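Visitor: Sequence:
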Amino acid sequence: AAILARERAAEAEKRAMWEEAEAARARAVYEAEMDAARAAEERAQAAMDELNAAVRRAAEDADRERSLAETAAIEKAEAERIAEREEVRRLRVMTEAAERLRELEARAAEADAAAEEEAGRLAAAEARAER
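Residue numbering for the sequence shown follows my numbering, starting at 1 and increasing by one per position.
It is worth saying that the hints were derived from the structure and are not from the lab. If you're wondering where the values come from, they're calculated on a predicted model, not measured in any experiment. Please note that the accuracy of each hint is not assured.
In silico SDA-like links for lysine to any residue, alpha-carbon gap of 20 Å or less [claimed, not checked]: (1) K76 <-> E60; (2) K14 <-> A32; (3) K76 <-> A59; (4) K76 <-> E87; (5) K76 <-> R92; (6) K14 <-> E31; (7) K14 <-> Y30; (8) K14 <-> L4; (9) K76 <-> E65; (10) K76 <-> V93.
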């Protein structure tokens, strides 16, 4: 009976050691799985951080592009206003020059007519003086 009890005790001890080894293996597998899960979570967080940074850079780039487009539109509108003012000024100068030219031509015609009249009077006076 003592031998049987010792054998059972030895069997129970083997079973206990096997169960402890199984528990240690299960703990190691669990810890490895937890480490893998933590690493995966860290990779996912790094990917999210990278994605957020890319989205932020894209938004900043879009803001810069929008600002440049607005500035270009403002500059274009200002250039068009300047060109329009210059065209109006050019037309006004041309109109004034044409009016001045007409005035000068009219004065020249009046001067020609007066000169012809004076030449006629002079010729008449010379003709009277010769008689």
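Visitor: Taking 20 Å as the top limit, are the C-alpha atoms of K76 and A59 close enough?
Guide: 25 Å, violated
Visitor: Does R92 lie within 20 Å of K76 when you go C-alpha to C-alpha?
Guide: 24 Å, violated
Visitor: CA of K14 to CA of L4, is that 20 Å or under?
Guide: OK: K14 and L4 at ~15 Å, within 20 Å.
Visitor: Given the proposed pairing of K76 with V93, does the C-alpha separation stay at or below 20 Å?
Guide: Violated, because 25 Å separates the two Cα atoms, which is more than 20 Å.
Visitor: Quick one, are K14 and E31 close enough, alpha carbons at most 20 Å?
Guide: 25 Å, violated
Visitor: For a C-alpha distance cap of 20 Å, please report whether K76 and E65 respect it.
Guide: Holds - the C-alpha atoms of E65 and K76 are around 16 Å apart, at most 20 Å.
Visitor: What's the verdict on K14 and A32, does the C-alpha distance respect the 20 Å limit or exceed it?
Guide: 26 Å, violated
Visitor: For K76 and E60, compute the direct alpha-carbon distance and say whether it is at most 20 Å.
Guide: It is violated: about 24 Å lies between the C-alpha atoms, which goes past 20 Å.
Visitor: Does E87 lie within 20 Å of K76 when you go C-alpha to C-alpha?
Guide: Holds, at about 16 Å.
Visitor: Is it true that the CA of K14 sits at most 20 Å from the CA of Y30?
Guide: With a Cα-Cα distance of about 24 Å, the restraint between K14 and Y30 is violated, given a limit of 20 Å.
In this structure, the earlier hints numbered 1, 2, 3, 5, 6, 7, 10 are contradicted, and the remaining ones agree with it.
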